[in-house]
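Here are the chains, one letter per residue:
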Amino acid sequence: MSRYLIRRILRGLLTIFISVSLTFFIVRAMPSDPVSLMVSPQMTPEAQQAMIEAYGLDQPLLVQYGKFLVQLFQGNLGTSFSKHIPVTEYLLQRLPWTLMLLGAVIVLVLGIGIPVGVFAARHRGKWGDRVVSVMVTLGISVFIPFISFLLLYLFAFRFKVMPTGGAYTPPKGEGLSYVLDVAKHLVLPTVALAVTNLANAVMYTRNGMIDVLHEDYIRTAYSKGNNEKQVILHHALKNAMIPTVTVIGLQIGVMVGGAVVTETVFSWPGVGRLIYDAVNALDYPVLQGAFLLLAVAVVVMNLITDLVVAWLDPRIKLGGK
Amino acid sequence: MAAVVEFKNYSMGFKDDDGQVFNLLDQVSFQVVPGKALGIVGESGCGKSMTSLSMMRLLPSAAVVQGGEILFEGKNLLAMSDEEMSKIRGEKASIIFQEPMTALNPVLTIGKQIGEAIQLHHPEVSREEIQKRVIQALEEVGIPNPETRIHQYPHEFSGGMRQRVMIAMAMINHPALLIADEPTTALDVTVQAQILDLMKRLKGTGGLVMVTHNLGVVAEICEEVVVMYAGRAVERGTLKEVFDHPLHPYTKGLMASIPTMSSGKEPLHTIPGTVPTVYDFGPGCRFADRCEHCTQRCRQQSPPEKQVGEEHLVQCWLSFEGEENADA
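Protein chains in written order, with numbering that gives the first Met the number 0: chain A, 0 to 320; chain B, 0 to 327.
Some hints could be false.
Stated by the list, open to error - Here are the simulated BS3-like pairs of lysine-lysine, each with C-alpha atoms no more than 27 Å apart in a straight line:
1. A/K159 / A/K183
2. A/K237 / B/K111
3. A/K237 / B/K7
4. B/K111 / A/K316
5. B/K86 / B/K7
6. B/K86 / A/K228
Treat the hints as calculated values from the structure; they're not laboratory data.
Given the sequences, and given the hints that come with them, work out the whole structure.
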């Protein structure tokens with residue numbers, strides 16, 4: 000078990016290293032130059048040169064890469080070109096907002112997705128299942144920005160029950176009223192972001208459940224005197240959750256890196272919005288930091304997912320003897 | 000003695016996608032008495048498993064009950080609510096399935112799966128007591144180191160060991176009726192013998208129903224026999240009567256197909272043809288197409304059940320010595 004963990008962590012570190020290296024070169028391959036964006040024409044050539052040197056942009060690419068790696072190992076992600084603050088600080092300001100959004104999405108996906116999936120499986124082929132299946136197909140195929148704009152149009156513009164964007168109404172309040180204000184701002188982006196994940200969770204739970212309910216051991220469970228509820232709860236769910244957990248776990252990893260489109264549409268101050276701003280400003284260090292965060296999140300969530308699946312299914316031997 | 004379970008003219012069939020029902024089991028009657036074992040024999044597709052699943056009311060969803068009664072300790076199972084039924088399952092009646100490889104839940108420990116049967120019906124029993132009883136049950140079915148085995152999962156057991164686990168699970172509440180649906184079919188021959196020995200030893204005071212296509216198993220374990228063919232109980236009676244004096248051409252054919260030490264090297268007897276499916280049952284005797292004594296009447300009218308001897312019934316148009324119409 001511990002040997003397995005060490006191996007997984009080492010492999011995760013390698014993945015992260017490759018990912019940050021790729022990011023480093025890809026952002027620099029973008030057909031634009033951050034210097035021309037940062038440097039205003041009013042500056043003297045000397046001042047311009049001093050600024051370029053301060054950010055190390057005058058050095059050859061490989062030297063920049065070497066310096067970047069050294070700083071990375073020291074835990075230093077550099078300084079933002081546009082905000083002039085350390086990237087770590089900038090990311091840490093934004094990360095809680097993304098995690099909050101993510102948490103709300105997970106609660107929605109697990110709290111609604113799994114029960115609805117089980118419901119559809121139990122009523123397979125009947126009208127309840129058909130309605131769910133149509134919704135799932137819509138949810139999976141819908142274009143997320145479309146949902147976002149639709150929600151904004153309906154609830155913020157037409158009915159005026161929801162705020163149009165941001166995470167709170169300035170000026171920042173205090174205590175309970177602040178919490179409620181944030182919660183209100185959280186609703187629309189959460190719904191927009193949850194749609195696809197929710198549809199996936201319902202689909203995987205439903206299909207997993209249908210497969211499992213046909214297994215011989217379900218009949219055995221009934222033969223012992225379990226009623227339908229007990230069979231589903233104690234015998235079917237744990238088996239049926241294995242594919243669902245795998246899919247949701249991987250999706251969560253990707254979402255920590257920020258939901259760029261949704262956060263931008265709703266002006267949610269999370270990591271996704273930060274990536275959008277950083278791309279616009281060609282803010283290399285911030286982009287590198289954000290993608291490092293994404294890589295770490297994906298690797299960690301992969302590991303957690305594998306551990307959870309191994310816990311659900313004792314046939315999976317960690318370490319693969 | 001009062002029967003544990005009694006089938007009275009029980010009929011069931013299958014509904015296809017268009018809602019049309021095809022009859023499989025037709026007017027099946029027999030009974031199981033405490034302390035005795037009843038063998039249900041027949042080829043694959045004869046309705047043996049459907050008969051045993053009917054007793055537990057665990058039929059697949061496409062199955063439809065068409066008539067008759069199944070009395071369990073005098074009460075009609077078919078009229079019971081789901082709740083009443085779950086109280087009987089696992090407590091008064093239990094079943095051992097054919098496939099030990101798939102009949103156990105892969106994600107729960109053996110101890111939990113066996114203990115659950117106690118927990119469901121006797122919630123007052125403490126966890127320690129449940130564990131004690133589970134260990135004892137595993138010992139009884141011959142599983143070594145039960146103290147460690149209860150914490151293991153099904154994939155850590157061999158096929159024979161899993162079937163022992165299934166038997167321990169079915170027997171844990173000492174049911175009045177134990178149904179074994181081809182319990183040895185999926186196992187190696189040497190393991191089969193061990194499991195049969197075990198079943199014989201555990202037979203006890205309840206009624207046992209042994210569903211099998213293996214006549215040797217019936218001869219070894221059972222006192223009474225029902226021979227099923229295409230959903231009908233074509234011949235039934237005591238083991239001695241049916242095996243020593245088979246009357247129905249199908250039973251005779253089955254008996255003749257068993258190789259014996261003296262049968263030499265000539266080809267074994269076979270019954271020509273195969274069991275018809277529910278879609279091509281005719282109005283007459285369902286065995287007619289494969290029967291060498293088949294007449295015009297056999298094809299048009301289904302044969303009556305006739306009593307021949309004290310504990311021997313047969314459904315056939317042929318005339319037998321000492322017969323009287325059971326319906327008359």
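Handout entry: Hints the structure fails to honour
Key = 3
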